[in-house]
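J.: All chains, please: the whole structure from these sequences, using the hints.
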Amino acid sequence: MSTKGISPKDRTFKKRWIFYLSIAVLASLIVGLLILFYHPGEKKPTPLEGPSPEIAELNVLLITIDTLRADRLGCYGYQKIETPHIDKFAQEGVLLENNIADVPLTLPSHASILTGTYVLYHNVRDNGNFILRKEFQTIAEILKDYGYNTSAFVSAFVVDSRFGLDQGFDYYYDFDEEILDEEKALALSEIQRIGEETSRAFFDWLSKNYRNRFFTWLHLYDPHDPYTPPEPYRTRYSHSLYDGEVAYIDMLMGELISRLKAFGILDDTLIIFASDHGEALGEHKEETHQYFIYDSVMHVPLIFRLPGTLPQGKVIKEQTRNIDIVPTLLSLLNIDLKKYPEIQGVDLLPLLQGSVSNLQLEAYSETKIPQFRFGWSDLASIRYEGWKYIRAPRQEIYHVAADPGELNNLIELQQDKADELRRRLELLVKNYSAEASDEVEPQRLDAESAAKLQSLGYLTGTTSKETALSKIDPKDKIEEFRFVNHTMSSAIKNVEAGRHRQALRELLELEKVNPNFDQMRYYLGKAYLGLNQPRRAIEEFKSCLRINPHHLLSYVDSAKAYVAIKEFDTAEAILRSGFGSHQDSYLFHFNLGFIFQIKGDIHKAIEEYLMAEKFNSKSSQLCGNISSAYLILGEKDKAIQWLKKALSLNPNRPQANTNLGMLLVEKGEYQEAYGYFKKAVELRPDDFRHQYNLALICQKLGKKEEASAALREARKLRPDFKEADLSFQEPQPEASYTLRHIIVESREQADMVMEALKNGEDFVQLASLYSMDPNARGGGDLTYIIKPEDLLTPVAQAVSSLQPGQISTPIKTPRGYYIVQRIN
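Read in order, the letters of the sequence shown are residues 15 to 838 in our numbering.
Calculated directly from the structure, the hints in this document are not laboratory data. All the pointers check out, no bait thrown in.
Result set (EDC-like, lysine to aspartate or glutamate): computed pairs, CA atoms no more than 20 Å apart in a straight line:
(1) K580 to E775
(2) K331 to E420
(3) K102 to D281
(4) K489 to E426
(5) K826 to D765
(6) K659 to E621
(7) K556 to D583
(8) K826 to E762
(9) K613 to D776
(10) K102 to D85
(11) K526 to E553
(12) K718 to E683
(13) K102 to D282
T.: In structure tokens:
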């Protein structure tokens, strides 16, 4: 996708400022990271009128350690690691020895933890392709209604605010756009921050808020692969780097307890220590998690600490679940659970305090990854009274009380027990799934949207139920899964880095192994799109959606491919159909606006962008797009207003600062413009254009020494840059150009672009699709008047021979191959 370039008619600047006004580039990140956004209506309970007078005056701190196996902590019996701080914490609280998660994936499991509902109910079944819908009430929303100051500090992009877990949080520390832009070539699970950074952000917030009652969720991601513990843990646990990550978490836990003690709030804070899922570490041939649901990935720690209310050093052997955290927390705060009938977990307080010995809880777990990725069978299990049944094409039953490693499948000897547990599982699914509720609709395409997609060749008649009952057992495909995972990781990075042919070779090898892998089909489409073969890309996106109708990126990139072949109405139809009846979302309106902007219907684009802003007022990319659209219409005051908002949300954008400075210069607001040019230089001191712009504004303001210093720096960074003076005079028309350009990595790519141009493809659209320059999203339009000496020598030589409207042949430079179009 791209945005339309800024019309030369809108340029009235009085000096040849060196900048490339590419506001629309801010939109690229969101488009690359789209997610399945469902929320078909607000159905949350009416907020309470005010705090209940009997509520306990306690702070609440929920700590979730990502990917932490229970049996890798000293307090759970592990002897090969030192976790003294967590062990001491357990001695001061109540440890739940047999606690079970319901999904081996970060986003779905945290959705269960924060809502107290099964994945069957909230229906967030995968990372990235789903979002927690607005009608599901989180613990943060509940406690906010009771006057709590709510905050969250997360360490991985998979639980970024855009996935819906931010509901109810006054402050949500996640990932700003600059970090995501720098790491956009990484897989979703790889975008993370080290625990010390997240903890430090929490401590900074706490220092300002500890006097007020708070609820905080602190999420630490370090045990997740790749395992890269800092020293001394890397050396100390070189034999098991996963253990090193856990030991590092223990150190952070000790620091956390010390900080709470220093603020004088340790014993006034209910602290819950939990995990979303474990890590297989090679057991059952699974290297990490997500594919199987054995206890290595489903058995997770859970510890409650509240001196004076809860006993100390108590160990409870009875089975509990992550979905029980929220109701237990509310009970400890004296909040009436009857007000929240949608919560599916149970209050563990009687168990913690010893008034009952066993709640006889059933624990449900599932993974749909084999189904979503490959079309194989999904897996579901029920764990009850020391037994565990796994529903699969080849059933499994384990006496986990005696066989915790699940090494001995007793299905031949315990068929009656398996049948009993299967019936329990079926009843649990029936009672707790979204279909069982009058309040919540399951996530699915509406009939009209499904019909539209089928008419376009995007869906077959296969139902999700038929797909789930596939006869292919994931146990029989684990080696294939491991190979695919490793190869896909490399292919994804090659696609995102623009190495499309290399990615294509890897993906075609995967196709030989399994043609029904949704991600492989999707990235084949991306690779073909990168190689300027949009029609082949469309076929791959269709194949992806036949396997996994929830794969929203395939809808989005299908639309992009249709734009490339100028079928704009089809692009819009694909986008509308992909979102189905759930079109009251930020992402739908954002991307629809993007399509209208590509079509040149700027008024409709703005209308959609403003609708998107109602659903997400924190997107710097969106504000940048709105600014760009208003600038195209010549409404520069509004363009300035929205660009200022974009920078207020993310000030660390050097080009956006320069763009705003330029708009302010045109209005004669030189002093304000100076601040933005100065910021651009602070952010990118190695860019000669920012240095030169600073020199110009300093000269205008009479800051001669600073102007000279900036000009010297610009010349040092670009020795062939020959600027005669620092005056603000109109450049001579005969010595200046307005240009668009496309920059690609290889001659092969340049030739493909030239072939597309010869076939009548639009320069602006090709720039948005293939150029690796930051202004690609602006259609390659440099948006300022250039003199030949501002250009790389071979480019300047080529441009000098062009007439307005003409396009150069590919020009080889140290930066890559340039294709330049002279506008005037």
